[in-house]
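> Chains as they are written, first to last, in our numbering: chain A, 1 to 355; chain B, 1001 to 1231; chain C, 2001 to 2292.
Treat the hints with caution; some may be incorrect.
Heads up, incomplete: computed chain A residues facing chain B, CB under 7 Å, no partners named [to be verified]:
| no. | residue |
| --- | --- |
| 1 | Met85 |
| 2 | Tyr103 |
| 3 | Gly104 |
| 4 | Arg108 |
| 5 | Gln116 |
In case anyone wonders, no lab produced these hints; they're calculated from the structure. Cβ coordinates follow ideal geometry from the N, Cα and C atoms, glycine included.
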Amino acid sequence: MTNPAVEVRGLTKDYGPRRVLDVDRFTVEAGSISAVVGPNGSGKTTLLGILATLEPPTSGEVLLWGEPVGRSRIADRRLRRRVLMVHERPWMFHTTVLENVAYGLAARGVGRREAQRRAAEALERVGLAHAAGWFAPALSAGEARRTALARALAVEPDLALLDEPLADIDAQHRAGVERILRELPARGTTVLLTTHRLETAYRLADRCASLIGGSLRDTLPDNHFSGTIAESDGEPVMAIAPGCRLHLATPLRGPAHVVIDPRTVILSREPAHSSARNSFAGRIAALAAEGDRVRVTVDVGMPASPRGVPASPRGVPIVALITDWSFREMNLQLGEPVSAVFKTVALEVYGGKPP
Amino acid sequence: MRWTLEQLAEALRLLGSLDRQVLSALALSLGVATLSTVLATAAGVPIGIAVGLGRFRGKRILTTVLHALLALPTVLIGLVLYTALSSRGLLGSWRLLYTPAAIVVGQFVLALPLVTALALAAAEGVDPRVRLTALTLGAGRWRVARTILAEGRGAFLAAVVAGFGRVFGEVGISMMLGGNIRGYTRTVTTAIALETAKGDVPLGIALGLVLMAVALAVNLLFLHLRRRATP
Amino acid sequence: MRASRAIAILMGSLGLALGILGCRETPPAESPPAAGSGARPVVRLATTTSTDNSGLLERLLPPFEKWWGAPVHVIAVGTGRALDLGRNGDVDVVLVHDPAAEEAFMAEGAGLNRRSVMFNDFLIVGPKDDPAKIARASGPADAFARIARAEAPFVSRSDDSGTHKMELAVWKKADLQPAGKWYLEAGQGMGATLLVADEKNGYCLTDRGTYLAMRAKLHLAPRFEDPEALRNPYSIIAVNPAVHRDVNYLGAMALVAWVTSPEGQKIIADFRVDGEGLFHPLAVPPKEPAAK
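Can you build the whole structure from these sequences, using the hints too?
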């Protein structure tokens, strides 16, 4: 990492007995767009809040452009001026939309006329120029989010922390907002955004990390499934596709997330007769070399299609990481039917409640 | 029953004839109440916001003490301040006793805990996102406070109204520190006390009705202000 | 937000203006003329509530204010408190009716130039049927004794006022310590105490002035009178400037001069409440017999 805008080391945050954040290492390169992907409640907002110097961590170190946060009030204030956080449900002050957008400028001592001019410009870019005189709290969720984005555009901070920037944005304006976000680094703003949708992260970010249950992983997890753990004949299961149910070994129930480490997925030509309870038939959808490993993506849970034809993408992908040696020995081809097999105990469960 | 109605009828009749002394008492009551409320607001609201937003060790104890001060009887405040303002007292050289200024001082002491406690509650009642949004947008301490005030203005206005109401209708302080001097420090409330002590019940009631009418007018004005503040 | 701010400021200013106006309002007497010598400072008089309530001061003070050229601020409290105000230098002159307390006051050196001004009397009011039969008492002490024996309700001011001290003196003379459910200590001014007595249909020691003023509202009526034994003498005393340097000594002495002057004394003699004369001047008694 040549020029980190953000560096986090050993960060934890506890609310009473509950540890909501546990991040060993995390960095954001200056001038990049980074994304943190995770479900709701995974600690994304807390992480952004700490990076925005709005909240202190329970332990650990945060460095912004090499400077530690939490040393002195004056230093923090200086750093805070370079960072701007847009909340998931942004607060609209009880005044006009224009005044809301101009707030950040006024706080920085920009004269009233100039502030209003720049605010109007920002509103124009997010497509809300017509709403400048409206009463801000009356805006719809999407309009409020665009207004909050306009606040950031007007101020042009060095680091923008955006919590779910595309949520609630209606389809008509989505492309525009994405374009604005992509243009930010060129204007000198490093972007760190959070989202619960993988596609958003892929489309916008240079680098992604995932945050589940307060723990950060540097890469997006393959095999991340969200669903409900229900009981079937006394056994916990989670449906991930029509006809596909994950068998779990956990006392937790209810809405939860399940992650399967690709290294624990076994591929088999025959439906395996083994002690593994999770066995899904599917077709090989993608193959990728990774050093001395091969990443195999298998689409499971779809109706069968003739050999040689790529599997239709309506199935659920399960990724397996196998050795190059195994790959060559099995002679796996695209579109071939295989089964993805893994043990119940290999599943990692996040969320869920004890019965 | 009949006697009560007679007294009320007499009171209404007296209201019709607007006595010069009544007007003078009314002007004085309004004046000292307004002045003391303005001063209590100027001091209490910033303190209330600062404590309300703050996170420090003694906050709960401080808030509890503040609430306890709300129970201070006006005669006690009057008595303590009398010993301070008296010629022999600590602030005797200021020669404030038995002047309207002394009433203002006493009513300020009365209104301050109330306005502060309510401003504190108002600040705590503002959505926590307000403070965070203001901070991340670069606001310094003063701007954050002003923003909290603007966002919670309904509740803050209610604090001021409560303070005004408290001092407008009080008699203990006006009596002890003002002296009920005819034409000089005779407020409507001390006049009511005097007339009822003399047994002139109709006049006492009439004055009370005048007091309440003015209080109603003031509160209607506050209501109007509040409506305009929150579109 | 701007418009409502403007209105708030306007209201505040209005209130302030009223406050200042109210503060500067002078007593109904004409404003002191700002003569070439400059306006004279206010004269502060502490007196008892009964004196103030009688209405005498409204007759007696305005001519003084006009002549002397300064307003008189009257603070009406109980006798004990009035003398305390004098001791503390919070007023310039006191007008009270409690000889024992006055003598103590003078002995302390707190006051100067004590002058007898006037007197009226106390009387005992009671229920029409006079259950304790005090109408036939031989003197005030006997009347009190009868009340105690009959355990008829008796309402005391119990506020250390001149009236209260007179009452205590009579109890002492009767060698009695009043106690029991029939003895009610009101702790209030004379008017309020009379109302309590009226409500309880009991006896009460009152000064004539307050009684005359309240007569119409009471069911009680005078049951025992003894103008000699129950005499209530008033004195006026200026606060000693040696003790409190910045009292308005000249104003105080001017007021003392006025109330003991032939003009002032005539006003006192002519003063009527409900058609009856109330105060009898002592400094310059009238030549003709006092109106009763």
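> Give a verdict on every hint.
Results of checking the hints against the structure:
Among the interface hints, the one on Met85 (chain A) holds; its C-beta lies about 4 Å from the nearest C-beta in chain B, closer than the 7 Å criterion. Given hint, Tyr103 (chain A) at the interface with chain B, holds; its Cβ is 5 Å from that chain's nearest Cβ, closer than 7 Å. The beta carbon of Gly104 (chain A) is positioned within 7 Å of a beta carbon in chain B (closest approach about 4 Å), and the interface hint is therefore held. Residue-level restraint check for Arg108 (chain A) holds (minimum Cβ-Cβ distance to chain B is 5 Å; threshold 7 Å).
With a cut of 7 Å, the hint placing Gln116 (chain A) at the interface with chain B is violated, because the nearest CB-to-CB distance is about 15 Å.
Violated hint for the displayed structure: number 5, the only one.
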